[in-house]
Amino acid sequence: MSAAPQKAKAGGGTIDVVVRAIVPLNDLVTRFEFERPDGAPFPPFSPGAHTIVEMNDDGRPRKNPYSLMSDPSDTSHYAISVRRDDEGRGGSRFLHTAVSVGDRLSVSYPVNLFPLDLRARKHVFLAGGIGITPFLSMIAQLERQGGRWELHYACRSESLASYADDLTGRHANKVHVYYSDRKEALPLEDLLDGQPLGTHVYVCGPKGMIDWVKTTAADHGWPGDAVHAEEFLAPQPGDPFDVHLARSGIDVHVEPHESLLEAIERAGVDAPFLCRGGACGQCETDVIEADGELIHADHWLEDDQKASGKKIMPCVSRFAGKKLVLDR
Amino acid sequence: MTMQFNTETFRDDYSFRNSDWAIRRFPFPFHEDSYMYSVNMEQHRGGPEGSVYEKRFDVDEHYVSEMHDRALVLAEDPLRCQSLPHMTLAGWDLLELIMVSKSEDYPDLFELHRDGNQWRWINKPLGIDDTFTFLDETTLPYGPMEYITRQTQGDFAVLDQREENLWMDAGMVTTQADWSLDFDIGMNFFEWHAPVPRAHEMGIFKRALKFLLNVQQGSPARRLNWTMTVNPRLDTSPENYHKWGVEKTTLTPENIGAKQHLRVELQTFFRLPRSNALVFPIRCYLIAFQDIVTVPKWGRRLHRVVRDLPEDLADYKGFIANRPLMLDYLSQYDDGLPTSPGVWPDLETEPPLQK
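Residue numbers (the numbering used here), protein chains in the order written: chain A, 5 to 332; chain B, 12 to 366.
Keep in mind that the hints were calculated from the coordinates and are not lab data. Even glycine gets a Cβ: it sits at the ideal position worked out from N, Cα and C. Among the hints, erroneous ones may be present.
Unchecked claim - Okay, the calculated bits of chain B under chain A, using three or more residues with CB under 8 Å as the criterion:
id, segment
1, 164-175
2, 221-233
3, 285-298
Full structure from sequences and hints, please.
Printed below as a string of structure tokens:
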């Protein structure tokens, strides 16, 4: 409507925060609580939303997505729980080792790619490991609204079961925890059977668990739109490679421990993104030329799109070969 | 209160008028001398001072009378306001968004005092001073969406987001350009847009949906749409077509300047934080042809747009039968001079009419 439309910055707005508390939960997982420097309330959010935490890791900018796990009705702070990934590229290790109470960070406005279906008569939550985090905010909201829910939570061991004691203490009849070191298995088929009409099931955990739940639910006749899943892929490190950005006219070298998207941003190119985990589709980029192999790691592109070699999701996918040219 | 509110009607004797202030700030929708569909979205983060784009929810001289007209429509037809059961939380989101925005943007007209969930809302133009408990419907005289949209200009479509689509699951619709909430309730984005010509083939709706699904909290968006209406009637609904359809035949060369109105919708899009729903406020602005042509640039351009619009679009927008009469009138205000780019009136820099 104006002669020169304003261009939106990729990724939307950000919020400056101060780390108000760091709470180690066990050997792997630590909770980080943020407040605003001026003490102002945070924007409310819907349960299942994530935020992108921006970090400056020794000159290397990192933006990692984490589920908001605090009570959505409590706007005094945001909280995330971060599992340390020693094999990963360093974002979670940076949070665990280099961030202290009082440090300033920047987080994005909440984005929800895993919302509750508010039509559901009942919500069944299936969590695997650190996949528990989005369900904590969902449970807080449903408890307030009087919604029906139950949680089935699969963990490796009692010592690594983040929030299991707290949840079973408060909701003994609705929370069921299964420890694999005790050979306990989540009885998926049984609990999918006999749910009331209008029940929705939500799964957050490793890829294998999500596939298992989706397949089993489909086999049991569950409608596809009553089964919700969230799997954020952490970008995996890999061999370095070079890319030419045709529209910007620049060459970028992608280091082993940064993603293609991070390398593009480091070069000063404003590329779109939302989830940075291969799920939302925002960063989809056209491949102009690829003399080599595109290493697709997302779950956005269809198999035929991946096979075509014409598209890449630079937040998680990489390249091996002689020459890669992107339309960016 | 600094703003003066008109006492006027949008029916029967049609006493609606735009002041000079309202004419100058009218959201003229054509940025060049021709028109075709596009996904003409931009960020809704303010605009020039005094323009309709400046505030999150624009309040103007028609506010009090528009709210009176809405109450009349609802009294005759309560189904203009509907909310499916799962949309109540989105209604609270909308109430919060509007109360916070208006009290911050118009502190002389609206006040919001919050103590936890105990809220006090003061609406001075409408003489309202209510205290209620946020998220407790029993403490308001209507549901939260109905309560706040009886106090806010423009229609509201509240859209649930699921299955990679948007669903028209709640709304307040009394100032619409010939569509019906009661007909569209529960439909998805493609279903409720099915009647629009050309745009499906052009891929407009697929791209628009992709954009809307990604409208994020803190990053609202906006666009304009437009049509034509004979007489300044807000409620041009299918339900009341028998009342206003016939008025299209009352135009004459003598009365067209006063009766024919350009109808512009300022459409905005906000992600609602607690429900993850999307609200789509559709604010209607009306202006008589005789007022548009007081801005020379707009007079020249409107003639060219109406003249060159493809037949199917003129038909869809409901003015194909009156187009010859409109062109006879508007051609008097087009001297063939070039126009400056953009939508603004440019009164100081554009030449006066040369005939």
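Cross-check of the supplied hints:
1. As drawn, the segment 164-175 of chain B meets chain A at 4 residues by the rule of a beta-carbon pair under 8 Å; at three or more, the given contact holds.
2. Using a Cβ-Cβ cut-off of 8 Å, 6 residues of the segment 221-233 of chain B lie near chain A, which meets the minimum of three, so the contact claim holds.
3. Given a C-beta distance limit of less than 8 Å, the hint that chain A covers the segment 285-298 of chain B holds, as 3 residues qualify and 3 suffice.
When each numbered hint is compared with the structure, no violation occurs for any of them.
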